[in-house]
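K.L.:
Take a look at the letters that make up each chain.
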Amino acid sequence: RGARKLMLMRLTNSICATLTAISFVLPASAQDITVFAAASLGGALEAVGDAWEAETGGSLTVVAAGSSAIALQVQQGAPADVVILASTDWMDTLAASGDILTDSRFDVMANALVLIGPAGAPPIALGAIPETLGDGRLAMALVDAVPAGIYGRTALENLGLWDAVAPQVVQADNVRAALAFVATGAADLGLVYATDAQAEPRVSVLASIPGDSHPPITYPAAAVTHGHIPDALAFLRFLTTQDAQAIFADSGFLAVELPR
Amino acid sequence: MSLSVALRHSFADFKLDVAFDSPLGVTALFGRSGAGKTSVINAVSGLLRPDAGRVVVGETVLFDSENGLDLPVHRRRVGYVFQDARLFPHLSVRGNLGYGARFAGGVDPVKFARVVEMLGIGALLDRRPAALSGGEKQRVAIGRALLARPRLLLLDEPLAALDDARKAEVVPFLERLRDEADLPILYVSHSVGEVARLANTVVVIEAGRVVRAGPTVEVLADPAAVPSLGLREAGALLNATVIGHHADGLSEVATSGGPLILPHVDAPPGTRLRIRIAAQDVILSIARPVGLSALNIVPVQIVSLRDGNGPGVMVQLRAGDDLLLARVTRRSATDLGLVPGLDCHAIVKTVAVSGADVMTLPANR
Amino acid sequence: MSLSVALRHSFADFKLDVAFDSPLGVTALFGRSGAGKTSVINAVSGLLRPDAGRVVVGETVLFDSENGLDLPVHRRRVGYVFQDARLFPHLSVRGNLGYGARFAGGVDPVKFARVVEMLGIGALLDRRPAALSGGEKQRVAIGRALLARPRLLLLDEPLAALDDARKAEVVPFLERLRDEADLPILYVSHSVGEVARLANTVVVIEAGRVVRAGPTVEVLADPAAVPSLGLREAGALLNATVIGHHADGLSEVATSGGPLILPHVDAPPGTRLRIRIAAQDVILSIARPVGLSALNIVPVQIVSLRDGNGPGVMVQLRAGDDLLLARVTRRSATDLGLVPGLDCHAIVKTVAVSGADVMTLPANR
Amino acid sequence: MIDALTPAEWQALNLSLRVSFWATLCSLPIGVFTAYALARWTFPGKAIVNGLVHLPLVLPPVVTGYMLLITFGPRGPIGSVLEAIGLPVAFRWSGAALAAAIMAFPLMVRAIRLSIEAVDPKLEQAAATLGASRAWVFATVTLPLVMPGILAGTILAFAKAMGEFGATITFVSNIPGQTQTLPTAIYAFLQIPGGEGAALRLVVIAVVVSMGALLVSEWVARRLAARVGS
Amino acid sequence: MIDALTPAEWQALNLSLRVSFWATLCSLPIGVFTAYALARWTFPGKAIVNGLVHLPLVLPPVVTGYMLLITFGPRGPIGSVLEAIGLPVAFRWSGAALAAAIMAFPLMVRAIRLSIEAVDPKLEQAAATLGASRAWVFATVTLPLVMPGILAGTILAFAKAMGEFGATITFVSNIPGQTQTLPTAIYAFLQIPGGEGAALRLVVIAVVVSMGALLVSEWVARRLAARVGS
Ligand SMILES: Nc1ncnc2c1ncn2[C@@H]1O[C@H](COP(=O)(O)OP(=O)(O)OP(=O)(O)O)[C@@H](O)[C@H]1O
Ligand SMILES: Nc1ncnc2c1ncn2[C@@H]1O[C@H](COP(=O)(O)OP(=O)(O)OP(=O)(O)O)[C@@H](O)[C@H]1O
Ligand SMILES: [Mg+2]
Ligand SMILES: [Mg+2]
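Going down the list, the protein sequences come from chains A, B, C, D and E.
Quick note: to get this note's numbering, add 165 to the position in the first sequence (first position is 1).
Quick note: to get this note's numbering, add 861 to the position in the second sequence (first position is 1).
Quick note: to get this note's numbering, add 861 to the position in the third sequence (first position is 1).
Mapping of the fourth sequence onto this note's numbering: position 73 corresponds to residue 61, and the numbering continues sequentially without gaps.
Mapping of the fifth sequence onto this note's numbering: position 136 corresponds to residue 124, and the numbering continues sequentially without gaps.
Here chain A stands alone, though its shape is the one from the complex (with noise of 0.2 Å):
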């Protein structure tokens, strides 16, 4: 049945990568499409949504979960055309359940880790986070579940500290919410993704965790098998555009090396 499958995957992957490149020829037409996507995709996503409505007149309908719900629904057969997770090993679940055609998967994006503290505090050097923290507390996303808490983990490992800090350590069951931990002073740090520091007044960027200490931090899209296959393509495509990646950079996202 896998087997039958791929093929069928390979095949219409083809079909529809004619398909696109037409669609791109031609005049704009109604394409309407879902996306689900992280939910912490769904601001910048929105956007995005505006720039395709303008630029294809379809309209873009943003599903906004977190990304192991997302993934169990697109196994369970959501209406979705175009998955968007924070998860890497989701994604690869769904391609391992043959779910998404893999050749549409590419990396949209990618985010950085900071050490946030309560707004206006120094900087600080990472090798000082235990003592800054004293018996403090650090917040961050659930360290074995959450993808932001287990690079988070992964990046403490390697730069030495986690076994200081992890009895201090406070997970929250989202980025999103961790960052309120600090933001509310619950907190006295934090592990958060860049994209949430910048946004919020109460916490100021205290140092930035290296990229090169926990695995890249990307978001990866793709096409789902039972979705609108052709619209989904195009979609894709569209992420890949100047436009959607300045507004995507707008939101404090990295830029990741694109498929051509």
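To be clear, the hints were calculated from the coordinates, so they are not data collected in a lab.
Note that the structure is predicted; figures quoted are calculated from it, not measured.
Watch out, some of these pointers could steer you wrong.
What the hints assert, rightly or not - Dumping the calculated BS3-like pairs for lysine-lysine here, alpha-carbon to alpha-carbon at most 25 Å:
hint, chain 1, residue 1, chain 2, residue 2
1, B, Lys1028, B, Lys972
2, C, Lys876, E, Lys110
3, B, Lys876, D, Lys110
4, D, Lys110, E, Lys110
5, C, Lys1028, C, Lys972
6, B, Lys1028, C, Lys1028
Starting from the known structure of chain A, arrange chains B, C, D and E with the ligands on it as the hints suggest.
P.N.:
Using the frame of chain A, we list chains B, C, D and E with the ligands on its own:
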């Protein structure tokens, strides 16, 4: 219609074991508080499932433990007036009254009006039960049962909370029901006077057992039954026929012992009556007295004398074919030399026989 | 202790406007169903807050709308026996009985035993109210109120669900309470007989208004009060003193009209009594009759005659310094030529005066 | 807050109301039936039914949502049947209503059950002696007397449905106009930088609507009580 | 499921039980008081109190958690005071209990309130005539008669506390041994691919424990009913 009841049931520390038959009409259940009267009625209604027994109304078997027959409560069509009124708090008085009728083909407006009038609840129809007095609640409960077109009426001290005037209005209505609709009635009361008028059969219960049962005339005229019924309530029943009505509001009736003058009886000449004469309302006189305000002087013969545990003696008298009871002091009995066989005169005040003591019998009985 | 009540209150379609004073002891509230008796009692207990009024027990003002005084219910310490028993379903009978005592310094085991014995509820102490019969519930409710050491007893038809034998045990107890504890009692009943014995003051309510109020002796001996009290209940009160007890179980008492023979009175010679003689138990005779089973023949003089709306006439009689009532037919009155001023004889059967009609008065009154 | 709602807010509010309304309405008869069965009957497996009813309360909502997704999803055993007969619920507002109904069910049943248990069986007996069959007794005596409990259960269920989030987003996701209720919209706003203001607006809307419903229910309850009590 | 629990599972179960137990126990008197006030008193602001009680039901749990964080966090107006007097709740199991209690409060109050409203005021009046002050009437008549409702409210609250997740993790995070209850552990497992098996183990544990509590409560309720009814 006949009613036949046989029941056995055990509560934690009370055993009920009663059986009685009543060939027709009204059966009165007497007994002290806690004797088991309500339990019997509950079993007949189906609310209490007895350990064993059989309940038959007319031709219909309501319950028979041997054949595993147990008609559901709502199919028994008993009109049950509970000791506590149990009105539906969410319905108006009107809604309560009409509740049962909807399962029996709708409210008959004529009967509704008659019942409402008799019970004096016309002004209350739109009130909720919570805004009624104790007696008003009880009256509505009576009306509710009557209007449900039951095939058997179960009345558990229905008149206890009512004043005498109201009682005097309700009893004749029940009487008519019994006669016109041939409706069997099982009636619990503490007052013999209330029931003697209605009942064809009297059943006396003590501690869950039947200690006496039989036709009302026999039980009430039996000096031995006096302890069960209460001294003040003892009294015999006389059969009589209306002779005529006098201009001064009195009625004359014929008994086998001679004519009697009674307060006005609302029945045409020829109507057969039953009259209760309380034992303590009868005075005995050796000679025929004169110049007395009592209008009724009946020649009688003493049948038996029975000592009570007080200073009283219960004297059973034969008046024609009927039996009378008189309660006198032992001293009088000695002074007057009362012995069985002695002829003397029973003096009965006309006013002592109240409307509640006179009941009309249907022509066909 | 005295009780003074003045109340005004409006329900949706019922207006209560009553005022009465009773200088001491027991006040009986009479009235037909829905007359407003329970409302009066509720206002005295504090459960109903009347629109205006004043309630004073002895020296204590319970309620005074003018001074804005409204003693909370639990501080009034009224022992209220409700028309519906209102037992606590989660407490055993023992728990119910002891409930009030804990707020009044604990249960007095002697009194507890006495009350339990009188009410015959000894075997029920560990049961829950749900497993009691109607009369048993009411008895427990009476016990609960009595054991709460109240300073005022409010009894709303407490004996309606009880058999005569039980009533005969409870009434003397209330009497003793009244006398020994000087406990004012407000007593609602439909039965004059039940209350005449106890009450010092009678208040008759009709449709929310007091139509008669006054000392029991006066109200009961007043032919005009008969319609309010009910024909069968009319009867006068005689003052008497115990002379002695005879070997045959009868007692002799002296009245201003002459000696009377009564069933045994449980009181030593010299005790002052009050005796109720129902109007319908009195026969009038022009000549002094002989050879009668009735032991009491009292010379009397006719004071007044009053026609009822039936065929009866209420005759008020003077017997010595006391007043008696006799109910006779109009025909007898004419036949015998009864007119005010006429001397004649009142015949009273000894047995017609039951224990319930005889009440002892405390020596100091 | 003072200016009118944005179309997106309207949509979420509209959907939340629709979902909560239908969730409550459709579960009401089942809730009353279940409550009655639990209160009055003894039957084998009663404990299991009781347990099942309470399950959504005990489990983290995600788990309930997950189970719903597996069962009622387009590829689930029940969902595929529903899909086949043209009644799909997954990723529809009807699915959101299903999730809300299931999450609110224990609250509704408990309230109604409690009220049924408080009805004096003596009144039901009285109705039976007057000729009312079991069903009639229920309809004419039990049900009216249980109205306050039903009302309480309904309002609890409605409030819960308005606030239901975890099971909903897991089961039917967060599709604007289809399954994006107020709570999931609030969540979505909270997940993006700078979304707190928008989330707060939605919170206020949710609070205002729910408090309104609550006030109405209290008023109705007082009316009901007055009808019985005086 | 057959083999013994892992230490981590034990820890989460232990903590969940502790949190739910204390949440239920401590909110019980307040719940009874609130229910009584709502059922029997009229006071200004009653509607507001009623609304506040229901709020956690209406709001997405995250929002409640966020509000708790703002109020009871170390910098919050109440949290800072608690911190100062040595009773910190943030990131403690006591905070988890607080969150669970607040989330469960509306359920508890509704159940108890419903029962209080079902108590016949005539019995309370009877108690008053026997000399019982308001407080005594409450303690000796109302309270015993309301026991079934209190029991129902308690078990509802306990079940809700066992399942509470959103507000808890938002308020006190997920610190193993401190604030990692069963639901947060389950949530964490569900977030990683392939975590379903481990999550299922925990779900089963949660279900078994809660059903046990439910059975016990039903048994106690039957005992209570039997005491009053026969
Ligand atoms: N809460 C109420 N609202 C409106 N009317 C009421 C209320 N309570 C009583 N009533 C009316 O007030 C009148 C007096 O009632 P009350 O209970 O005092 O009568 P009662 O004399 O005790 O009668 P009963 O002998 O039947 O108990 C009745 O007509 C009754 O319907
Ligand atoms: N559910 C029950 N469980 C245990 N005993 C009961 C139950 N119901 C009644 N009893 C007992 O059975 C006996 C008979 O009760 P029942 O109600 O039939 O008496 P009753 O003759 O109607 O008395 P009353 O005149 O006082 O109403 C009483 O002793 C009562 O205590
Ligand atoms: Mg009875
Ligand atoms: Mg009354």
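K.L.:
Check whether the Cα positions of B/Lys1028 and C/Lys1028 lie no farther apart than 25 Å.
P.N.:
20 Å, holds
K.L.:
Given the hint that C/Lys1028 pairs with C/Lys972, does the C-alpha gap stay at or below 25 Å?
P.N.:
Given pair C/Lys1028, C/Lys972 holds - Cα atoms ~19 Å apart, limit 25 Å.
K.L.:
Need the status of pair B/Lys876, D/Lys110: alpha-carbon distance at most 25 Å?
P.N.:
Judged against 25 Å, a Cα distance of about 23 Å means the pair holds.
K.L.:
Is the straight-line distance between the alpha-carbon of C/Lys876 and that of E/Lys110 25 Å or less?
P.N.:
Holds - the C-alpha atoms of E/Lys110 and C/Lys876 are around 23 Å apart, at most 25 Å.
K.L.:
Does the structure keep D/Lys110 and E/Lys110 at a Cα separation of 25 Å or less?
P.N.:
17 Å, holds
K.L.:
Would you mind confirming whether the straight-line C-alpha gap from B/Lys1028 to B/Lys972 stays at or under 25 Å?
P.N.:
The given pair, whose Cα atoms are some 19 Å apart, holds under the 25 Å limit.
No hint from the list above goes unmet by this structure.
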